[in-house]
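Kindly produce the complete structure, drawing on both the sequences and the hints.
Just so you know, the protein sequences line up as chains A and B, in that order.
For the first sequence, the numbering used here assigns the number 1 to the initial residue and increments by one for each residue that follows.
For the second sequence, the numbering used here assigns the number 1 to the initial residue and increments by one for each residue that follows.
Simulated from the structure, these hints should not be mistaken for laboratory data.
Warning: the hint list may mix true and false statements.
Pair by pair, the computed Cβ-Cβ distance ranges are [what the hints assert, rightly or not]:
1) A:G604 with B:L77: 51 to 61 Å
2) B:A187 with A:F335: 38 to 48 Å
3) A:F508 with B:E269: 48 to 58 Å
4) B:S164 with A:G78: 57 to 67 Å
5) B:A187 with A:A606: 31 to 41 Å
Partial selection, computed: residues in chain A whose CB lies under 10 Å from chain B [claimed, not checked]:
6) D67
7) F154
8) V189
9) S278
10) M342
11) A367
12) Y490
13) Y491
14) W502
Given the structure is predicted, the values throughout are model-derived calculations rather than measurements.
Just so you know, even glycine gets a beta-carbon here, dropped at the ideal spot from N, CA and C.
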Amino acid sequence: MSTIALHDEHNHDHADHGHHKETLISKYIFSMDHKMIAKQFLITGIIMAVIAMGLSILFRIQLAWPDQNFPFLETFLGKWAEGGRIKPDFYLALVTIHGTIMVFFVLTAGLSGTFSNLLIPLQIGARDMASPFLNMLSYWFFFMACVIMMSSFFIQTGPASGGWTVYPPLSVVAKAMPGSGLGMTLWLVSMVLFVASSLMGGINYVSTILNMRTKGMDLWKMPLTIWAFFLTAILGILSFPVLVAGVVLMVFDRSFGTSFYLSDIVLGTDILPNEGGSPILWQHLFWFLGHPEVYIVIMPALGISSEVISVNSRKPIFGYHAMVYSLIGITVLSFIVWGHHMFVTGMNPLLGGVFMITTLIIAVPSAVKTFNYLATLWRGNIRFTPAMLFAIGLVSFFISGGLTGIFLGNASLDINLHDTYFVVAHFHLVMGSAAIFGMLAGVYHWFPKMFGRMMNAKLGYLHFWLTFIAAYLVFFPLHFLGLDGVPRRYYAFTEFEFMKKWLTVNVFVTWAAIMAALAQVAFLFNFFYSIFKGKVSPQNPWESNTLEWTAPVEHLHGNWPGEIPTVYRWPYDYSKPGHDVDFIPQTVPFSQTMSSNLPHDFEGNAEAEKIQQDWELANPVAENKG
Amino acid sequence: MSLRKFITNKTTAALAVLITVFANTSVFAQDAAAGAAAAPKVDMGEVYKSVIFYILVFLAVCLFIAIIGKAIKVYELSREAQGKPVGINWNRVHASLFALFLVIGLYGVYWEYTVHGAMLLPDAASEHGKKIDEMFNLTLIITTIVFVVTHILLFGFSYIYKYSAKRKAYYYPHNNTIEKIWTIVPALVLTVLVLMGFLTWRSIFFKVEDPNNKPLQIEVTSEQFKWSIRYPGADGIVGNKNYKLTTATNTLGIDFKDINSRDDEMADEMVLPVGKPVKLILTSKDVIHSFYMPHFRVQLNTVPGMRTIFEFTPTKTTAEMQQETNDPNFKYLFLCAKICGAGHYNMQKVVRVVSEAEYKTWIAEQKTYLNDDLRKQFNLPVAPVKSVADSAAADSVAVKTNQMALNK
Chain A
1 MSTIALHDEH
11 NHDHADHGHH
21 KETLISKYIF
31 SMDHKMIAKQ
41 FLITGIIMAV
51 IAMGLSILFR
61 IQLAWPDQNF
71 PFLETFLGKW
81 AEGGRIKPDF
91 YLALVTIHGT
101 IMVFFVLTAG
111 LSGTFSNLLI
121 PLQIGARDMA
131 SPFLNMLSYW
141 FFFMACVIMM
151 SSFFIQTGPA
161 SGGWTVYPPL
171 SVVAKAMPGS
181 GLGMTLWLVS
191 MVLFVASSLM
201 GGINYVSTIL
211 NMRTKGMDLW
221 KMPLTIWAFF
231 LTAILGILSF
241 PVLVAGVVLM
251 VFDRSFGTSF
261 YLSDIVLGTD
271 ILPNEGGSPI
281 LWQHLFWFLG
291 HPEVYIVIMP
301 ALGISSEVIS
311 VNSRKPIFGY
321 HAMVYSLIGI
331 TVLSFIVWGH
341 HMFVTGMNPL
351 LGGVFMITTL
361 IIAVPSAVKT
371 FNYLATLWRG
381 NIRFTPAMLF
391 AIGLVSFFIS
401 GGLTGIFLGN
411 ASLDINLHDT
421 YFVVAHFHLV
431 MGSAAIFGML
441 AGVYHWFPKM
451 FGRMMNAKLG
461 YLHFWLTFIA
471 AYLVFFPLHF
481 LGLDGVPRRY
491 YAFTEFEFMK
501 KWLTVNVFVT
511 WAAIMAALAQ
521 VAFLFNFFYS
531 IFKGKVSPQN
541 PWESNTLEWT
551 APVEHLHGNW
561 PGEIPTVYRW
571 PYDYSKPGHD
581 VDFIPQTVPF
591 SQTMSSNLPH
601 DFEGNAEAEK
611 IQQDWELANP
621 VAENKG
Chain B
1 MSLRKFITNK
11 TTAALAVLIT
21 VFANTSVFAQ
31 DAAAGAAAAP
41 KVDMGEVYKS
51 VIFYILVFLA
61 VCLFIAIIGK
71 AIKVYELSRE
81 AQGKPVGINW
91 NRVHASLFAL
101 FLVIGLYGVY
111 WEYTVHGAML
121 LPDAASEHGK
131 KIDEMFNLTL
141 IITTIVFVVT
151 HILLFGFSYI
161 YKYSAKRKAY
171 YYPHNNTIEK
181 IWTIVPALVL
191 TVLVLMGFLT
201 WRSIFFKVED
211 PNNKPLQIEV
221 TSEQFKWSIR
231 YPGADGIVGN
241 KNYKLTTATN
251 TLGIDFKDIN
261 SRDDEMADEM
271 VLPVGKPVKL
281 ILTSKDVIHS
291 FYMPHFRVQL
301 NTVPGMRTIF
311 EFTPTKTTAE
321 MQQETNDPNF
331 KYLFLCAKIC
341 GAGHYNMQKV
351 VRVVSEAEYK
361 TWIAEQKTYL
371 NDDLRKQFNL
381 PVAPVKSVAD
391 SAAADSVAVK
401 TNQMALNK
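Below, the structure written as structure tokens:
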């Protein structure tokens with residue numbers, strides 16, 4: 001660590017150490033600095049999010065006006081929208097790529113990648129990640145994955161279109177649909193690169209957190225963001241390789257004639273030679289990743305919101321230990337609930353019962369987290385910064401989406417809800433809205449740390465209210481479609497008499513979605529404008545306790561110019577009675593805050609308690625705390 | 001400030017907005033892109049007009065927002081210049097908006113429950129479906145209570161505890177008793193739900209067969225993008241299949257060497273006798289589909305290479321349901337709920353639930369899968385082709401030989 005520090009100081013003084021001279025390429029492109037890599041992840045994530053959102057608007061148009069022509073779609077999409085109408089195959093490609101991009105590229109890489117990279121070294125007090133080179137590779141693998149995924153829009157047969165879960169045989173047998181040809185191959189290649197990226201990231205996060213914490217930063221003094229990133233990384237490391245295993249088997253089935261997932265398949269009268277495999281195997285392998293994946297998506301968002309809510313309520317997060325234990329509980333349980341995606345897919349019903357039990361147990365730690373958020377707000381002194389607004393929005397979505405999960409986790413109820421719009425509504429609230437709101441809260445909160453400038457708060461307010469309202473308008477009504485038995489991934493609702501009554505709802509939902517999409521213009525403008533023209537940020541704009549705000553606004557390699565600060569206390573000493581300001585940064589030793597120390601601060605250290613008692617006897621006025 | 005510059009430098013502002021609109025790839029952005037790259041052949045005049053119209057509307061909205069932003073800024077600056085406290089108390093604004101959102105939101109939820117909630121599926125038309133509906137209602141009540149209470153707390157706290165310079169937040173890091181309570185209470189509630197769900201699930205999938213009321217076997221085979229239904233015929237057993245036997249004439253690959261297959265009947269719709277248990281044998285030819293009968297609360301995927309089985313008992317005839325829903329056109333149906341390709345959105349078949357007597361007349365009219373072509377193919381004795389003039393007696397001979405063949 002000290003060597004890095006030395007380099008940095010030289011670097012900062014523009015000393016010409018030949019091997020360490022920063023060029024445009026080494027600073028902005030192949031950067032090994034965790035802050036730059038975080039920005040790369042974030043901006044790539046935002047671009048991918050905008051693309052995926054655009055795709056969703058395209059298929060929302062199709063759903064709302066299935067019998068109208070939109071000539072501009074043809075000029076824009078060519079043969080995929082002949083006559084101005086999206087074709088069924090392309091519709092499925094749209095939903096597939098929308099899902100894949102949002103889940104993997106935006107909410108995994110864009111969220112974890114950005115904030116783990118930015119905050120882990122800064123909040124635990126490290127100069128950089130454990131292996132900066134691996135970190136750089138992690139970004140570039142992610143970037144390649146994005147490029148390859150997008151390239152599938154420019155091939156003759158179109159992108160993968162078997163749904164983001166790519167269930168075989170649909171995705172394996174090229175003749176089953178056009179998207180299962182080259183598009184699917186690109187999907188698989190992209191996914192392998194993506195998993196490699198997230199493993200390199202994950203290993204780095206875990207080793208950095210375990211080995212490189214600054215003096216005094218024991219595990220129980222880490223902010224909840226770090227706990228969340230840490231557990232997320234562990235989840236990723238343990239579950240992503242399983243997806244690769246599944247993907248490799250799928251590549252074999254597709255290209256080398258094996259039968260891991262295929263058996264007894266006849267297309268028309270064309271009998272395929274594959275025998276002995278089972279499509280259910282893929283589902284097990286996929287969801288063994290896929291379910292932890294949804295926690296990989298939500299846990300960083302929960303970590304971010306814990307931090308943001310505590311800072312802006314000017315109150316310690318309620319039940320810090322309970323928050324950590326519930327994260328650990330979620331981490332462990334998330335490995336044994338994957339079967340709830342498969343209640344009616346032909347898995348042995350006996351297993352269905354078991355998975356239902358584990359699934360509903362996981363609701364307990366989630367409930368604890370929600371109640372703790374509420375308790376943190378209680379008697380707080382809430383500052384509604386844009387980040388705080390988004391964090392409150394997250395809690396609301398997490399409640400709404402979490403509660404509908406109780407329906408779906410119940411195998412009996414899932415019989416009639418499986419693969420309907422109820423599922424769509426559920427996971428869009430809990431992932432599409434809650435996790436995105438967590439990400440946006442993080443962007444607004446740590447933008448000053450990333451770019452040294454502030455975002456415009458008023459545009460942030462506008463962005464929040466429009467998005468918050470629109471998201472509910474989009475996803476709340478969709479539950480009712482599902483309860484009426486409307487299946488998801490339907491190209492049009494025109495073929496069924498009973499679905500026609502939902503067409504007007506679809507129009508409404510589409511307009512709400514367009515409103516939500518346009519609201520993001522406020523964010524994008526604000527984001528890119530503020531990078532260059534925003535108000536210069538003060539050192540600690542939110543009066544926060546955590547370590548990153550002790551680092552100078554000006555970025556430098558190694559984060560802190562001199563020695564890394566030492567940590568003395570937990571990160572949540574907000575509004576501590578007896579202290580003159582309502583926050584005490586982690587770097588302030590107890591000896592400087594004698595008037596506000598509490599017995600339990602000393603964790604049973606008899607000597608420290610003695611000193612405190614002596615001081616209190618000597619300063620009787622200070623006894624009157626509060 | 002960004003907003004002031006935004007106004008003063010109109011060209012850059014307009015450019016920035018345009019760029020973000022393009023980047024956003026929202027509808028309007030596509031409009032614009034489409035307009036830019038329009039093919040000259042088609043008459044795009046109208047399209048251009050509407051594209052330009054929408055872009056102008058959006059720009060006008062942006063401008064309007066910018067003007068408001070500027071006005072707020074001017075107001076705040078003038079307050080500052082006069083030495084008065086900062087113009088708008090945003091904390092108060094947001095707190096009030098959250099309170100407003102709570103009230104309107106709760107009303108919206110109520111509206112959704114009553115209006116959209118009234119458009120849902122009718123009550124379950126099967127025995128196990130009733131149990132599912134009961135569980136659903138219980139879960140709905142519990143979750144709605146939690147939903148309302150937590151949201152009142154969330155937005156209520158946001159409103160009450162908004163920032164005030166005079167106040168200091170209450171330092172309250174934890175309270176183990178409260179935390180234990182709100183761990184244990186959800187755990188207990190969930191235990192109840194899990195137990196009920198588990199028992200219901202078992203009662204659906206682990207049925208004990210009543211020897212006096214044997215279920216009617218029906219096999220359903222899915223393929224892109226249609227369903228085939230196979231009734232068991234007189235023997236009550238759906239015979240074997242082997243996908244390797246699939247030909248243009250034997251599209252399901254039925255193995256007619258299996259004696260049980262020979263009387264299997266085909267049907268265009270699924271007709272079920274009311275009150276009699278039905279055992280659905282679900283298979284798939286090509287990819288995974290999902291057999292979904294929403295009115296009966298029945299869903300199970302059809303998977304190539306394996307049979308999945310769902311047993312249920314319909315309790316209401318189609319006619320009864322038509323009365324109940326006040327809809328003379330009401331039909332039960334089943335559809336595909338698992339993405340399976342371009343035709344996924346239109347894979348349906350009608351289900352008719354009728355009285356036992358109606359069922360018997362209907363089933364007697366259905367044709368067997370086995371026909372003369374297939375008989376030849378499987379080296380089964382073919383019914384001799386007789387001239388029309390031949391008497392009924394000859395026919396009965398043919399039937400006899402046929403039956404002998406069947407009884408082999």
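Against the structure, the hints come out as follows:
1. Distance hint check for G604 of chain A and L77 of chain B: the Cβ-Cβ separation is about 55 Å, which falls inside the suggested range of 51 to 61 Å.
2. The hinted window of 38 to 48 Å between A187 of chain B and F335 of chain A is violated, with their beta carbons roughly 20 Å apart.
3. Against the hinted window of 48 to 58 Å, the Cβ-Cβ separation of F508 of chain A and E269 of chain B comes to about 35 Å, which falls outside the hint.
4. Judged by the Cβ atoms, the range 57 to 67 Å given for S164 of chain B and G78 of chain A holds: they are separated by roughly 59 Å.
5. Judged by the Cβ atoms, the range 31 to 41 Å given for A187 of chain B and A606 of chain A holds: they are separated by roughly 38 Å.
6. The restraint placing D67 of chain A at the interface with chain B is violated, with a minimum CB-CB distance near 14 Å, outside the 10 Å limit.
7. With 10 Å as the threshold, the beta carbon of F154 of chain A stays out of range of chain B, its nearest partner Cβ sitting at about 15 Å, so the hint is violated.
8. For V189 of chain A, the shortest C-beta to C-beta distance to chain B is roughly 22 Å, which exceeds 10 Å, and the interface hint is violated.
9. At a threshold of 10 Å, the smallest CB-CB gap from S278 of chain A to chain B is about 6 Å, leaving the interface hint in force.
10. For M342 of chain A, the interface hint holds, since its Cβ comes within 10 Å of a Cβ in chain B; the closest pair sits about 9 Å apart.
11. Interface hint status for A367 of chain A: upheld, as the beta-carbon distance to the closest one in chain B is roughly 4 Å, under 10 Å.
12. Taking 10 Å as the C-beta contact cut-off toward chain B, the hint placing Y490 of chain A at the interface holds, the least distance being around 4 Å.
13. Hint status for Y491 of chain A relative to chain B: holds, with the closest Cβ pair at about 4 Å, below 10 Å.
14. The beta carbon of W502 of chain A is positioned within 10 Å of a beta carbon in chain B (closest approach about 8 Å), and the interface hint is therefore held.
Hint violations for this structure: numbers 2, 3, 6, 7, 8, all remaining hints satisfied.
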